[in-house]
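Undergrad: The primary structure of each chain is shown beneath.
2 protein chains.
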Amino acid sequence: MTTESRVGSSMVWWGWGTAEGHAPLPDSIRGLLSQALGIDGEPTAPGAPPTPAPSRLAQDARTRLEVIVGPDACSTTDADRVAHTRGKSTPDLLKIRGGDLTDAPDAVLTPASHDDVLAILATCTEENVAVVPFGGGTSVVGGLAPEADGFAATIALDLRRMDALVRIDETSMTATFQPGVRGPAAEALLAPHGLTLGHFPQSFEHASLGGYAATRSSGQASAGYGRFDQMIVALTLATPTGTWTLGRGPHNAAGPDLRHVAIGSEGAFGVVTEVTVAVRAAPAVRRYEGWQVPSFAEGVELLRALAQGGALPTIARLSDEMETGVGLANAKAAGEQTAQGCYVMLGFEGTAEQNDARRAAAAPVLKAAGASSLGDELGDQWLEGRFHGPYLRDALLDVGGLVETVETTTDWAALPGLYEAVRAAAVESLSGAGTPAIVLCHISHVYRTGASLYFTIVCKQADDPLAQWAAAKQAIGDAIVGAGGSITHHHAVGTDHRPWLGAEVGDVGLRVLRAIKDELDPAGILNPGVLVARADD
Amino acid sequence: MTTESRVGSSMVWWGWGTAEGHAPLPDSIRGLLSQALGIDGEPTAPGAPPTPAPSRLAQDARTRLEVIVGPDACSTTDADRVAHTRGKSTPDLLKIRGGDLTDAPDAVLTPASHDDVLAILATCTEENVAVVPFGGGTSVVGGLAPEADGFAATIALDLRRMDALVRIDETSMTATFQPGVRGPAAEALLAPHGLTLGHFPQSFEHASLGGYAATRSSGQASAGYGRFDQMIVALTLATPTGTWTLGRGPHNAAGPDLRHVAIGSEGAFGVVTEVTVAVRAAPAVRRYEGWQVPSFAEGVELLRALAQGGALPTIARLSDEMETGVGLANAKAAGEQTAQGCYVMLGFEGTAEQNDARRAAAAPVLKAAGASSLGDELGDQWLEGRFHGPYLRDALLDVGGLVETVETTTDWAALPGLYEAVRAAAVESLSGAGTPAIVLCHISHVYRTGASLYFTIVCKQADDPLAQWAAAKQAIGDAIVGAGGSITHHHAVGTDHRPWLGAEVGDVGLRVLRAIKDELDPAGILNPGVLVARADD
Numbered sequence: 001m002t003t004e005s006r007v008g009s010s011m012v013w014w015g016w017g018t019a020e021g022h023a024p025l026p027d028s029i030r031g032l033l034s035q036a037l038g039i040d041g042e043p044t045a046p047g048a049p050p051t052p053a054p055s056r057l058a059q060d061a062r063t064r065l066e067v068i069v070g071p072d073a074c075s076t077t078d079a080d081r082v083a084h085t086r087g088k089s090t091p092d093l094l095k096i097r098g099g100d101l102t103d104a105p106d107a108v109l110t111p112a113s114h115d116d117v118l119a120i121l122a123t124c125t126e127e128n129v130a131v132v133p134f135g136g137g138t139s140v141v142g143g144l145a146p147e148a149d150g151f152a153a154t155i156a157l158d159l160r161r162m163d164a165l166v167r168i169d170e171t172s173m174t175a176t177f178q179p180g181v182r183g184p185a186a187e188a189l190l191a192p193h194g195l196t197l198g199h200f201p202q203s204f205e206h207a208s209l210g211g212y213a214a215t216r217s218s219g220q221a222s223a224g225y226g227r228f229d230q231m232i233v234a235l236t237l238a239t240p241t242g243t244w245t246l247g248r249g250p251h252n253a254a255g256p257d258l259r260h261v262a263i264g265s266e267g268a269f270g271v272v273t274e275v276t277v278a279v280r281a282a283p284a285v286r287r288y289e290g291w292q293v294p295s296f297a298e299g300v301e302l303l304r305a306l307a308q309g310g311a312l313p314t315i316a317r318l319s320d321e322m323e324t325g326v327g328l329a330n331a332k333a334a335g336e337q338t339a340q341g342c343y344v345m346l347g348f349e350g351t352a353e354q355n356d357a358r359r360a361a362a363a364p365v366l367k368a369a370g371a372s373s374l375g376d377e378l379g380d381q382w383l384e385g386r387f388h389g390p391y392l393r394d395a396l397l398d399v400g401g402l403v404e405t406v407e408t409t410t411d412w413a414a415l416p417g418l419y420e421a422v423r424a425a426a427v428e429s430l431s432g433a434g435t436p437a438i439v440l441c442h443i444s445h446v447y448r449t450g451a452s453l454y455f456t457i458v459c460k461q462a463d464d465p466l467a468q469w470a471a472a473k474q475a476i477g478d479a480i481v482g483a484g485g486s487i488t489h490h491h492a493v494g495t496d497h498r499p500w501l502g503a504e505v506g507d508v509g510l511r512v513l514r515a516i517k518d519e520l521d522p523a524g525i526l527n528p529g530v531l532v533a534r535a536d537d
Numbered sequence: 001m002t003t004e005s006r007v008g009s010s011m012v013w014w015g016w017g018t019a020e021g022h023a024p025l026p027d028s029i030r031g032l033l034s035q036a037l038g039i040d041g042e043p044t045a046p047g048a049p050p051t052p053a054p055s056r057l058a059q060d061a062r063t064r065l066e067v068i069v070g071p072d073a074c075s076t077t078d079a080d081r082v083a084h085t086r087g088k089s090t091p092d093l094l095k096i097r098g099g100d101l102t103d104a105p106d107a108v109l110t111p112a113s114h115d116d117v118l119a120i121l122a123t124c125t126e127e128n129v130a131v132v133p134f135g136g137g138t139s140v141v142g143g144l145a146p147e148a149d150g151f152a153a154t155i156a157l158d159l160r161r162m163d164a165l166v167r168i169d170e171t172s173m174t175a176t177f178q179p180g181v182r183g184p185a186a187e188a189l190l191a192p193h194g195l196t197l198g199h200f201p202q203s204f205e206h207a208s209l210g211g212y213a214a215t216r217s218s219g220q221a222s223a224g225y226g227r228f229d230q231m232i233v234a235l236t237l238a239t240p241t242g243t244w245t246l247g248r249g250p251h252n253a254a255g256p257d258l259r260h261v262a263i264g265s266e267g268a269f270g271v272v273t274e275v276t277v278a279v280r281a282a283p284a285v286r287r288y289e290g291w292q293v294p295s296f297a298e299g300v301e302l303l304r305a306l307a308q309g310g311a312l313p314t315i316a317r318l319s320d321e322m323e324t325g326v327g328l329a330n331a332k333a334a335g336e337q338t339a340q341g342c343y344v345m346l347g348f349e350g351t352a353e354q355n356d357a358r359r360a361a362a363a364p365v366l367k368a369a370g371a372s373s374l375g376d377e378l379g380d381q382w383l384e385g386r387f388h389g390p391y392l393r394d395a396l397l398d399v400g401g402l403v404e405t406v407e408t409t410t411d412w413a414a415l416p417g418l419y420e421a422v423r424a425a426a427v428e429s430l431s432g433a434g435t436p437a438i439v440l441c442h443i444s445h446v447y448r449t450g451a452s453l454y455f456t457i458v459c460k461q462a463d464d465p466l467a468q469w470a471a472a473k474q475a476i477g478d479a480i481v482g483a484g485g486s487i488t489h490h491h492a493v494g495t496d497h498r499p500w501l502g503a504e505v506g507d508v509g510l511r512v513l514r515a516i517k518d519e520l521d522p523a524g525i526l527n528p529g530v531l532v533a534r535a536d537d
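Heads up: the protein sequence lines correspond to chains A and B, in order. Reading the first sequence from the start, the letters are residues 1 to 537 in the numbering used here. Reading the second sequence from the start, the letters are residues 1 to 537 in the numbering used here.
Note that these hints are calculated values from the structure, not bench results. Every residue gets a Cβ at the ideal spot worked out from N, C-alpha and C, and that includes glycine. Errors might be hidden in some of the hints.
[To be verified] Stretch-level coverage of chain B by chain A, calculated; a stretch enters the list once three of its residues show a Cβ under 8 Å from a Cβ in chain A: (1) 14-21; (2) 163-174; (3) 215-224; (4) 239-246; (5) 444-453.
Input sequences plus hints: build the corresponding full structure.
TA: Here is the structure:
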C-alpha cells in the first residue's frame, strides 16, 4: 500500500473525526449497554487500513485530468483512495471496518477553481468516468457511495483547495465562499469582521459549505439563523453541460426559484463552486439554559407554543424521556443521569438586550408549560459536547454495538403519531431479530407548522450487521412515510433514502428530477445512483 | 354578441376591478398631468365591448370537455370570452380598449375539482387545445396572454368554482384551500377561527390563492408574514402527465425542494389545485404610522438598519422624493402634497404587547436615521387606499396617459445604482421619443440582504402607445439586468419578462425549465410561451 497521502484527510478512515477526538466509553455507559442490550465486547483498536484494488483510471484519462489540475492534484495513492471511500454512515463504517473497499475511487482530484471543475466534468463525460463530489466526507446516507458500475473509473473530486472567502459585502451582509471552506474556517474567516454564519450542524467541524448547500443542511441554531437553504442568496454550479449561476436579489418572482433545484441536488446535477450566504453580526452574548418538563408530550407542546407565539430562541431542543434518562441529551455527559422527565435546552444568541427581551417573551410560555429551570450549566455542557455525538458511535461500534441515527419531520398534528411509529418500527424490527434495541429521540429543529424528530437507535450487532441494519432501515423508512413524515429532515437522500423518495415527491417528482439530471448531466457521470436512480434501474 | 355571462367575471373588461371602484381623476392631479406631461385628454367612457371572432373549439372537443365539467361549465359566450381575454397589464388594456381580441379564448371552462382539471388537461393534450389557467385574471406581465398560434383552439380554465376551504389544522396552524379562493374570501374563511393568512398584494381584492402560488407572489406585509412562497407548506398540481403532490414537513432535506419548482411555474407546468399554507393568529392590533426622512438615500439606510437589526415591522415602505411629492405614496390621497422629504410607512400587527416591543426596538433606529413622526393618520390613509393603485391607471389611460409599473430587487449594495439606472432608462427612453415622463419609486419589500424597488412611470400616450411601451420596456429591462437587478420581484415573468429570463437564470436555467416543461407537458398545451419559450422559438 502506498501509505503517504498527497491530498490529506480530515477524518480517520475507520470512523468520525480525528484519532485524538476518540476516547473509550465510560464505565457507566458500558455497564448500561451490557445490562440492557447485551453489548459487552472489549474495545478493538483499529488495525491497518485495508488496501484497495489497483486504480482503474486509464493513463490517457489520467493525463488529461493532470493537464487540468496539475499532477500534484491527482492522487492515486492508497491512503488517499481509502480516505475518500464512501462517507460516514453506519453501513459505510461497517463496510470499511470489514475491509470492503469496493467503492474506493480510482483517483482523488483536488481542483483549484471553478474552471478546473468544469473541465474535469467535461473530460470525465468524454472518458466515461464517474465523479463523486467530496466536501467534508461527512455524508451519513450513502451520498458518497454511488452506484458506479459500468463506468471506466470513478474519481473523488475533493474541493478542499477551493477554500477561500471570495468577498464580504458588509452593506448587504453577505459573504461569498468557495465550496471547500469547512464550518470552523468559515467562522474564523468571518470573525475578524464581527460576523457569523450561524450554521452549526453536528458535522460542523468537518463538513464544508459546498456540502451544506448540496445537502440542504440545517444547523442546530436553525431557529435563530435559519436553515442553510434560507441563508443562500446566490450560488454557482459547474455542471457537465455548463456553468450555472443563480440568485438575483434576496427573493424574486422570476419563475420557479431555481436556487432550490441546485440546493439539495447532492452532487447529482453539478458541483457547487461558489456560494453567497447571508451573514449576521456575531452575537455579543450566548446564553444556553437547561429546563425540565414533565414529559415529552408536554415538551412538544412547549416548543410548539414558543414557535407559534413568535418566542422561539436561537436554539430549542427537547429530549424524550429515554434520551434524558441515559444522559444522551448531552453527549459529553453520556451515561450520567441528568434529569427527571424531559430535558429542554434553550439557547439565546444576540445582544444582551435582545436576549433579555426574548427570554422575557419565552418566560410566560415556559411557566404555562410547567417547565422548571435547570440553570446554565447543562446548557454550557451541551454546547461543549454539541459536535461529539458521532464519536460515540465509533466507540459503540468498537464494542460490538450497532448504532444508527434516523431523522424526520412532519407537522405538529402528525408529530406524536410519527414519534410512536418510528419507535415501534425500530424496536419491533430489531427486537424481533433477537437484538433488543433502545430508541432515544430529540427534537432539534422547530418551525411554526411542525418540527424535526431525531432518533438514536442502539442494539447489539448481529452476525451480519449490514443485513441487520438494512432490515431495520426498511422497517423504519416505511414507518416514516406511512406516518406522514419526510424521509429526511437534514441528512439528505443519498443512496440510503432513495427507496422512499417516490413516496416523498411522487412519481411526477421523480420524473422531474430525472429530466433535470438528463439535461445537466446527460452521461450520468455525477454521483450515479445518488438522489436520482440510474437510468437503467 | 352573446352578452350574457355564464361564468361571471370579477373585473370590468376594459380595466381593473369593478365599475363602482372607478372615479374620475381629481382636478389637482389632472392639473399636474397637464402641466408636467401634456396629458390633457377628456375622460372617455368605455363603450360596448368588442366582439371576438367565432369560437374555434371543434364540436368533438367541446363535447369531450362538456362530459368532464358538464355543459354549464363550458361557456363560449362572447361576454365570457372577452372577460377572459388576457390579463391586466398596460399592453393588455391598450389592446382590448383598442378592440384587439386576437387572444380571446375559444371557450371558458370552470372545473369543479382536481380530477376535472386532470381530465381537461389530458383531453386538451389529445385535442391540441391550449389551456390558460385563470385565477383572478390579475396578471400584469402577459401571464394570461400566451402565444397560442398553431393550436386548434385555446381555452381559459377559470378556477372560480374551486373555492373551498378544504381544512384547517389549528395544531399545525395550517389551512388547505382550493385554488380559486380569492384574497378576501380566504381571510373571511379564516376569520371565524381567529386566524389570518396575512398575504395582501395590491391585487388582493381579485387575485386567487392558486395565482399567488403560481406567480410566487409577495404581499405588502411580507416583512411580517413572509412571502407567499414562504407560507406554502404543501401543494398539489394537476399536470398533463399526472398529479403532483409536494410538501412533507415544514422543511426537509429530501433532495431539491421541488415545491419551489411548482411555485412560480405560472401555469406552464401544471395547474395548482390545492395549496396548504401556514396561518397565524389574527392580530389583535394593527397600527400604521407615517414617518418622514430627509431623503430617499437616508430612508434606504433606515430600512436596511431595521431589517439587519431584527427590528423590522410587519410592513415597511419608503417612497422616494417624487412619489412623496405627488402624493402617490398614498393612492387615496393622490395629487395632494403629503410631506416633504420622503414618506416612510411602518405597520405593526400583533398583540398590543408585541407591537409595543417592536416599536420600542425600532425607535432608536428611527431616531438615529433622523426620522420624524407624521402620526397614525397617514398610515390609516395608506391602509384605506392600499389596493387602489390599479384604478388610477385606468383613469390615466382614460385621459390619454400611459402608465406602467416596473418592479425589481437586488442586494442593498447594488440598490442605489439600480434605482438610478431604472429611472434614467425610463426617462431617457420616453423623453427621447418626445413624451417626457415622471418616475416615482417606492420600496415595499425589505429583507436582510436587500429590498425591492417599485417604479410607477407616467407619460402621455404617443400615437402608437404599444410601440411606445415596448421601446421603454426594452430599455428598462436592459437597465435592470445591467445593474444587477432581478427582472421581477413579485409580478412574475409571463410573456413580458421572458426576454430577460436568460440573464436571470442563465442558459442552464432556461434549459432546466424547458426540460421540466417537456417532461410534465410534452404537448406544450399549458400557457404556451408563458415563462418558457415555445419549443420552436
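Undergrad: Hint by hint, note whether the structure agrees.
TA: Checked hints:
| no. | hint | in the structure |
| --- | --- | --- |
| 1 | 14-21 | violated (count 0) |
| 2 | 163-174 | holds (count 5) |
| 3 | 215-224 | holds (count 4) |
| 4 | 239-246 | holds (count 7) |
| 5 | 444-453 | holds (count 7) |
The structure does not agree with numbered hint 1 stated previously, though it agrees with all others.
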